[in-house]
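Here the structure of chain A is known, so what remains is to put chain B in place on it, guided by the hints.
Chains as they are written, first to last, in the numbering used here: chain A, 112 to 525; chain B, 221 to 475.
Calculated directly from the structure, the hints in this document are not laboratory data. Just so it is clear, CB atoms sit at the ideal spot from N, CA and C, and this is done for glycine as well.
To give a feel for the contact side, a few chain B residues facing chain A, derived at Cβ under 7 angstroms:
| no. | residue |
| --- | --- |
| 1 | Phe355 |
| 2 | Arg384 |
| 3 | Thr429 |
| 4 | Asn447 |
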Amino acid sequence: MDMMDKLKILADAAKYDVACTSSGSNRAAKRGELGHNVACGICHSFTADGRCISLLKILLTNQCIYDCQYCGNRRSTDIPRAEFTPDEVAELTIRFYQRNYIEGLFLSSAIVKNPDHTMELLINALKIVREKYRFNGYIHVKTIPGADDALVRQAALLADRLSVNIELPSHESLKVLAPDKTKQNIIAPMKIIREGIAQAKNELALYRHAKNEPSFAPAGQSTQLIVGATPESDSKIVSLAEGLYGKFKLKRVFYSAYIPAGGKNLPTADPPLLREHRLYQADWLLRFYNYTASELFSNPDENLSLEMDPKCHWAVNNLHQFPVEINKADYLTLLRVPGIGQVSAQRIVAARRVGKIDFDGLKKMRVVLRRAKFFITCDGKTFDKLPLYPETIAPRLRDNSQIAGYQQLSLSWQ
Amino acid sequence: MAVNVTFDGSLEGFFCVVYAVYYEKITPSSIQEEGMDQLSFDAATRFIETDAKKATRVFNAIREKISEDAADNVHRAFHANHDGRFSALLNYIRLGFSVGHMVDSHLHENFVRLVHKLAKNVWREAHLLHGFCRFEETKQGAYYCKVTPKNDVLPMLAAHFVQRLMNQAWVIHDKVRNKAAIYDGNSCVISSVPANGVTVSLAEGEIETQELWVTFFNTLAIDERKNIKLQKQLLPLYFRGNMTEFVPIRPAPKR
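Chain B with its partners taken away, still in its complex shape:
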């Protein structure tokens, strides 16, 4: 039964699609996030409900019957910014259930290579942002960080900073997807925020710290070794719009 499948766009939702493929014997001709789907005339559209129990079963099956690496790949590639990711992931998981951990050796299959590529791409961006995120102390005491990533790496960033900045409240704001990871010093939630709905007023002394950092940054370059091309290669321009050392520091708030 060929149908166009839609789901709520979450990873759990996607696992429920996988569940339906096996237990309801559906053959998706396309898989799309609800609301993002294109109208099509050749087949019926079916929305798959998200059910945490089913999702957990699928996720555990991937970890146990395929491999932990495959579970990592699925988790990462799912957050990629690529239209074909859902069907590639479904094919990857299906192949995995038939060949087990050897799935990652099937590099002749286009979808295996695509999943690897997307997973790597997402992981790379998340890893770079672990370093390139910049927090600012706000008047309320929480630290605010703005990101504009290409892939949906917010969950990975949140997981990292929950460890790193365990004892301070912070917010990581994904301006592209209008959502934010909010941590109060105990637990972290990801929720949507209205576009342009965030105003930040900086704490006293924050500008001074930023200036110290910028001074440190500028002092460190060695003129005799100048290599702007290498710098661009290692720190692509698209990250720099959110980084303290590359944007002019805002004027100090009026008191």
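Chain A on its own, in the form it takes in the complex:
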């Protein structure tokens, strides 16, 4: 089998993994080594589905002993199988990196023989990339559920980011769809990575020499949840994510709308892309806007509204906290206004130091008023006289409300 065929099979097998971020690691270039890392991450291309390509995302092999129903690489499917040698992976990474196609390598693998053996194969490949080819760019590696602790630690010293995919948000769903995995052996490596990172930080603070040691997973860890394959509610999923950010100090939780892979006990509908989008919006509220999962949901079976983004939804249900005075409200309160994000809030806080802000000023600062205008006052004045009731505001906050608004207008003019 030549390189082209292998690449096709093993890239195709890896493409359903969402994570392709290269952020979170900042490492200067070194003489004699190839590459460096920038903290913000860099996207190198975008595929026809609008996803970013930042890393060479491939499996080492897709010959799997497991039979997870949601996965296209399970042993019971009839697909072409292939495997890379570690040297091939390394060489391909270097060739792509020298031409600026990629930011680094994202290496994962199907389970060969057993978790430990698979983890060893991955580590071996990383060693060759780092040591033989002197690659100093970004590396993201999957940890295999059930692999030995020592192997996980070893991988963390070679890679920038590690991830273990939880995939199914509950123990029951795992039992049905991924009988070879358990919650325990998914959670275990997460704990090891968390502790390793904490320890490395501590050592860095205590000993100066620690700076020269290889750093332990400097870009942290992430995971992925499949949405729509099993009956868990958004409320459960967001609460789980909140726990992962809090307890396990994860950098990212990715959500992936389930795409039918033909397994048993699974839906065959189109992927729930809007639901996935809403989950990401809620995720952002947790990470950057100081919301908690309990604020976003009233009961554990609730799903996010598909009509309105979660921040608007929260605001409409908490109208007693509005309107907010632009010239006085603190930064975190401004952040809770629908339509005002971090950039707008920062501009407002900066600009009001030197003078009062009115609606015209907001527009000039490019603060988008489409949603914000209902929830704010400028120097005591409201934008229009629209009373703050859920039934007056909610229809104007829906994602397609502009169209609805025009229709309404033309009706009233007739």
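Chain B only, in chain A's frame:
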């Protein structure tokens, strides 16, 4: 004394204009790059010489008396493709010298917003090109990359790739402005190149690598999630003319 001011078009030259505004008390009615200036009948035209010492003084003053952020904004906005950038920058710097780091809060001033907008625009394009630049290995061993940016982002690209591709020789060729950043593995210079003066012959095996990349790129898209509009939004068409995965790969060179 109102005069039309011209300078050599470099950032140092522009700092010398700022210097002249303060130390020679001139009030520029317009600031233009020499050779690009329009004839005008209402005022005299004056060319300001570039002097590295003066430029450094102005640059350091901006960093120390205004802020590092302001220095970044000036540096970025200067490379924007916008006719009004020089006078906006002069106003920005003058306001900065009177209010210090608070200059970036004066968002009611049009020129402050313009400088912010231009700086952001330039930085964005440079950042995108950090990812979208495509290098090809040439017969001579150096890697060649062609760009056609809207803003003059070549200095920023060069600074990035000097770090990233430290151990290989490369050339980044700005086809619009007919200049190139040339790196030999040790130091990088930016110099002008004649239009149509560059021919590239590819190294052996280069086409094969490009084909591997294109295969990888095409394999990665998930059909069930196809979203061409989103792709266009994130990767505007004007970048694609220089990107391996969007242009047909050239036929292999004859041996």
